[in-house]
Structures are given as C-alpha cells and as structure tokens.
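Use the sequences and the hints to build the structure in full.
If you read the protein sequences in the order shown, they are chains A and B.
Quick note: the first sequence, position 215, residue 215 per full-length UniProt numbering, numbers continuous.
Quick note: the second sequence, position 167, residue 167 per full-length UniProt numbering, numbers continuous.
Keep in mind the hints are simulated off the structure, nothing from the lab.
Treat the hints with care, since some could be wrong.
The list treats identical chains as one, so a pair stands whether inside a single copy or across any two.
Under the rule of at most 25 Å between Cα atoms (straight-line distance), these lysine-lysine pairs were calculated in the BS3-like manner [unchecked claim]: (1) Lys204 / Lys95; (2) Lys88 / Lys60; (3) Lys88 / Lys215; (4) Lys88 / Lys69; (5) Lys215 / Lys95; (6) Lys215 / Lys82; (7) Lys69 / Lys95; (8) Lys88 / Lys204.
Spelled out, the chains give:
2 protein chains.
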Amino acid sequence: MLFDDSHRDTLYNIIFQRRDVRRDFLPTPIPDDIILRLLTAAHHAPSVGFMQPWDFIVIKDPSTRRKIKEGFLIANEVSADKFQGDRKSLYRTLKLEGIEEAPLGICITCDRSRTGDVVLGKTIKPEMDLYSAVCAVQNLWLAARAENLGMGWVSILDDDVLYNTLNIPRDLNIIGYFCIGYVEQFQNTPDLQQFGWQDRRPLKDAIHFETWNTK
Amino acid sequence: MLFDDSHRDTLYNIIFQRRDVRRDFLPTPIPDDIILRLLTAAHHAPSVGFMQPWDFIVIKDPSTRRKIKEGFLIANEVSADKFQGDRKSLYRTLKLEGIEEAPLGICITCDRSRTGDVVLGKTIKPEMDLYSAVCAVQNLWLAARAENLGMGWVSILDDDVLYNTLNIPRDLNIIGYFCIGYVEQFQNTPDLQQFGWQDRRPLKDAIHFETWNTK
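What follows is the structure, given as structure tokens:
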C-alpha cells in the first residue's frame, strides 16, 4: 500500500514528540491489550537473517522494580563521581529513571545464537544481531508514544542486576531496561537540553555529501 | 499533545508494512527535500546523554555505488561459502542488496567520542552510543516507508570498503550502509520468509512475565 501526506506527517509528529521520559509518570495501570500492541510493534522490527533475536520480559511486580531501582542507585553513585565540578552538581539534580513510578518495566534481551552459528547478513558484521534488537527498541519507543505512554531507557544499571533479578541466562545479551507509563505531560524538549546539559546538534553538521566532510 | 486511535493505527501500519528491500527498485530520483525529511527523522532518534553520535553520508554518485557493490560481491562470495548444501544453493538465489539499482545510498557512522570521554548514561554500559545510532537507523527506515521509499540494510560488506570509498576517519564506527529508492511494489512478507529461509517466530514465544521463561 501507499501512504499519503497525512500518514507521513503523523509518523513525523510521533518521531518529533517522542521523549526519553524519566519523570511525571502516573500510576495508572496499562491494559494488557495495549502492552501486547507495544510488543507486536517491537516484534516487527527488521532483523538480520530474519533471526528475530529479541525477547521481552514484562515486569509489573513492585518488589522486582524495587530491586532494579537499588541497582540504579548504586550505578548512579559510581556514575556521578565520574563528572567534575559544576557538571557533577548538575548531574545530581537530574532525574534519570522512573523505575518505581512507572507501572511497567520491559527488559529486552538478544539471543546471539538464535537460528544457529551462521546467520545470513551477519557473516561479515557480527554485531548485526545486537543492532537488530535495538531496532526493536525504537519500534517499541514510537509505539509507546503513539499510545500516549512515556518510555525511558535506564542505561545507568549494571547488566548483572538484570541477569540476577530477572533470572536471565548468561548466554543472552541484555539490550536494555525500559520504564513505561502514562505521564502527566510530555516535555517539548529533551530534559538534557532543557536543563542545560547538552544542546541539539544542528542537522546540517551531521550531513555529508558523497564522501566524509563534504558539505 | 495526545495521539488518537487513527494516529496509532497509522504508525502500526507503517511498522508492519516496512520491509528490508533489496529488489524492485526504480531509478526515479528522490527529491532533495524528501531526503532532508528522512534525515531529520533519523536525527530525532533518542541518544544516550543526548550525544547524537551519528553522521549521515548521502551518496548518489553511481561510480561510488559501483565500488561499494564490488565490496559486496567479494563479501558475498565469502559469506555464501559459510553455508552448506541446500542452504548454500538457496543463499545464492537470494537478492541481498540493491546498491546500484537504488538511486540513493546513506552511510550512518557513530562518533563514540562525541561530547567527550564521560557521557551521561554511558558510564556503565559503553555500547549505548552505538545503540543510539541504531535507533536513528530505525527512524530512517520508518520514515522511508512512510514516504513510500524502499530501504535495505547492506550488512554483507566489509567496513573497510566504506572507510576507503567514503573517506571516513578510522576513529568513527560504521553502523551501516543503506540502499533507498522508490520501488515497483512492497512485498507483503519478508523475502527470507517468502523464499523459505526463515519463518517468523511466534510473538508469544518472545514474551516472558516477571522473570525469564515464565509464560
């Protein structure tokens, strides 16, 4: 089928209004049919050799989320200490996760051995399986935004916390843990831009024509 | 803003009808304003610490695409030899790239040192910058589909071919090379499923509740 201008504009709106959400979560439960829609969207990501290496662990239990939050607190102390002076002070003011406030957590893993040792499209670039699983993350993120759900990637967390808490086999790779929930509001600009941590790079600086550094 | 059911369904349609396109490309040029819209969508991907580590090299020159195609042919010979018997025969029948037929190529890189040595959110999980750049890939892919453009990821290609042909500094990482163009048609099912290489995994097999392997 062909999409028209209004479909295209809808996608661009969803892309532009997606945020990495770590605050303003509401406790409102997310209906199971909506969670299933999110995961169906993630499952339709592209994957190298069609290996679909991802799995999704759906976490609602507050005691599980409490353990993951404890893991974040430890990792965040270590992380804050890597910054100096004003940056360190600013870092400590930022809200960087919503593990306990958001009623839903999803952990995405990658099974690098799925479909066997030799995978079409992965013969030259072995990281393609991990990258496929990340494409599923972005589908999930856009689906969440279209469902008016905030989602945030909690990357300040040792993988060991997730392996242990969620009983994940060690031969899988952990892609990420994501907090998802309804929110009071979506911010117009990313928090890190809003609070003076990092500006948006001008797009023109990122575009090159024909070869590197040809503008 | 809040999205409604029709917006949500539009996103899901785009996600479900996106394909990894390697054939049926038309030579029709893609207007520059459309290319800019694609890259704007990619540039609005999430990124760890808002580091926006990606760059986009836009390639139209047929002689450049010819060189990249030569790189694919070498890599594909090596790759075919990794399969045995019927799989090897089937592999050789598959069309796995559209480098020369598609009028547009985009190479996406990742600058892992952008914004400095210590990056918020990357202190514990260093691969987050690469994963951010892959989120940009998926935004690009969905934007292309919404613009009725086919896009394929050419992963059977040594990174050296791209470093050399596109004059990319060696301290950057190459995420991928993508073929983009209008197409005669979009396939309803992925080629690898259609031609009996790999089936779609049932979604229910990928979903776990609360901990690994709890269905």
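For each hint, the structure was consulted:
1. Lys204 / Lys95: neither (30 Å within a copy, 34 Å between copies)
2. Lys88 / Lys60: neither (33 Å within a copy, 45 Å between copies)
3. Lys88 / Lys215: The answer is neither: 36 Å in one copy and 43 Å across copies each exceed 25 Å.
4. Lys88 / Lys69: Intra 21 Å, inter 48 Å, cutoff 25 Å: intra-copy only.
5. Lys215 / Lys95: neither (38 Å within a copy, 33 Å between copies)
6. Lys215 / Lys82: Classified as neither: same-chain Cα gap 36 Å, cross-chain 40 Å, threshold 25 Å.
7. Lys69 / Lys95: Classified as within; 13 Å inside a copy, 47 Å across copies.
8. Lys88 / Lys204: Neither: 31 Å inside a copy, 44 Å across copies.
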